[in-house]
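Residue numbers (this note's numbering), protein chains in the order written: chain R, 1 to 198; chain A, 1 to 284.
Covered stretches of chain A, going by a simulated chain R footprint (3 or more residues, C-beta under 8 angstroms):
(1) 15-27
(2) 30-43
(3) 47-53
(4) 123-136
(5) 167-179
Listed next, with one range per pair, are the computed distances between beta-carbon atoms:
(6) R:G113 - A:V23: 30 to 40 angstroms
(7) R:L154 - A:R193: 44 to 54 angstroms
(8) A:D203 - R:S101: 40 to 50 angstroms
Honestly, the hints are just simulated from the structure, not real lab data.
Glycine included, C-beta positions come from ideal geometry on N, C-alpha and C.
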Amino acid sequence: MNADKPLVPQGPELLDPASTRLVVVSLVLAYLANLLPWPDGIHWLVPDFSLMVLLYWCIHAPHRANLSLAMALGLLADATVGGLMGQHALTYTLAAYAALSLRRRLANFHLSGRALHLLPIFFGQQLLNLLLGLAFHLPDVDWRYLVAGVAAGLFWIPIAHLLDGLTGWTNKMHIEPADNRASARAQIKSQNGARGSK
Amino acid sequence: MANAPMFARAMGLTTRLALYCLVSLALMVVDSRFDALTTLKRASTGVIYPVQGFLAKPFDFLSEAANFFTVHGKIMRDNRRLILDSQIYAMRLQGYDALKRENAQLRKLLNLPYPAGTRPLAAEIVRIQPDPFDRRVIVNKGEADGVEAGRPVVDATGLVGQVTRVYADSSEVSLLTSKEQAAPVQDQRNGLRLIVSGTGSGDQLEVRYVDMHVDVKPGDILVTSGIDAVYPLGIPVARVLQVDPPHQTPFARVVCAPIGEIGQHRHVLILNRANPSQPSGAHK
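Same shape as in the complex, but just chain R:
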């Protein structure tokens, strides 16, 4: 046993653990969103919904969304596209690793701040995807697909907002400015005082 291993999950997920059902349902819906018949001309613009939801859960429910889940979803994506097996598996795993490493830091940011951190991850995932295709001699690389990475960063905001609402996750770890904290303390004190006088 590792001595400094925490016994229970720590941070916001301890306050509001996401239910397994919500994680599974959201991932299935995201996968189905990928399968929707998007118009032919804009395939390169459509973000990868599976990855967006996966990274959300990597940040907010790391005890459920881990690298194994990322690998499994990546293999599923590979099987769906019918391209090179293992390509999405690798990029999903790396993206999930990046999100998991940034998790502690991200918990302190508001929605747009988190999205801004994830944008390079989405973009990098798409870039690596295309580079892997080049490396394994797939016939032709359409660089327009890089736009999908940026689109994923933008569309992550409404999706994360929705999921935040569903889990009830709020930025509890956010450090409030000093005067706010003082007023909050005063409020607690007055409540305690009221309880004491009863």
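Chain A: place on chain R using the hints.
This is chain A only, laid out in the frame that chain R set:
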């Protein structure tokens, strides 16, 4: 504390990452070097394709409902045009039987084998693969309809591509404009044999490595030469747009536009091998 794991698990995050990366890379190598995972892909497509069809249903219904109100006038117009067309074709066909007999006799004289008989099979494009690496579409005819990998796919105007992968009741067509595709062709004007290949762009084909003095002019029509026994003779493939003189290479490059309306229609014809028991051209 810096190295402390974030949560209780047997293996560190980085170790896991390294392990999964290795597995993924191994999969990619196996998939690209050896054809080992094709069965797996076929099986997964068998599961995913119906789901996709189901998801597309409401959208198809919506677009059909939207079409309903405009389609009547269009049908009337089309009908009028088709009646005219059929009259024109009937006129043109009058000489066809005689030409066919004459052609058969000439072939016999030349002692040439018949070109491989083909049986056209109409198929509908059901999905465009969102793949940044390749231009592929999925059509709704597969193994059950006798489609084989490698068969040519045409539309009313010309060559569209080739069947590259066959699933149970769908198959994957690589478009002619895909960078990997090539077709042996012949210049209709002078019979010159060339190989035309895709460029990866939707509306451009090219003939690479041609002699700098080659007799190809803009406006020439390239048709399949039938030499490779894959594409039957005489399907229109491309119209020559321009001939680029050699530039830093000893070869010229011919730029052409595909004649088949690639990516514009929902229906294509797969030219299946005709049943060997039926002699080709037996239909009336």
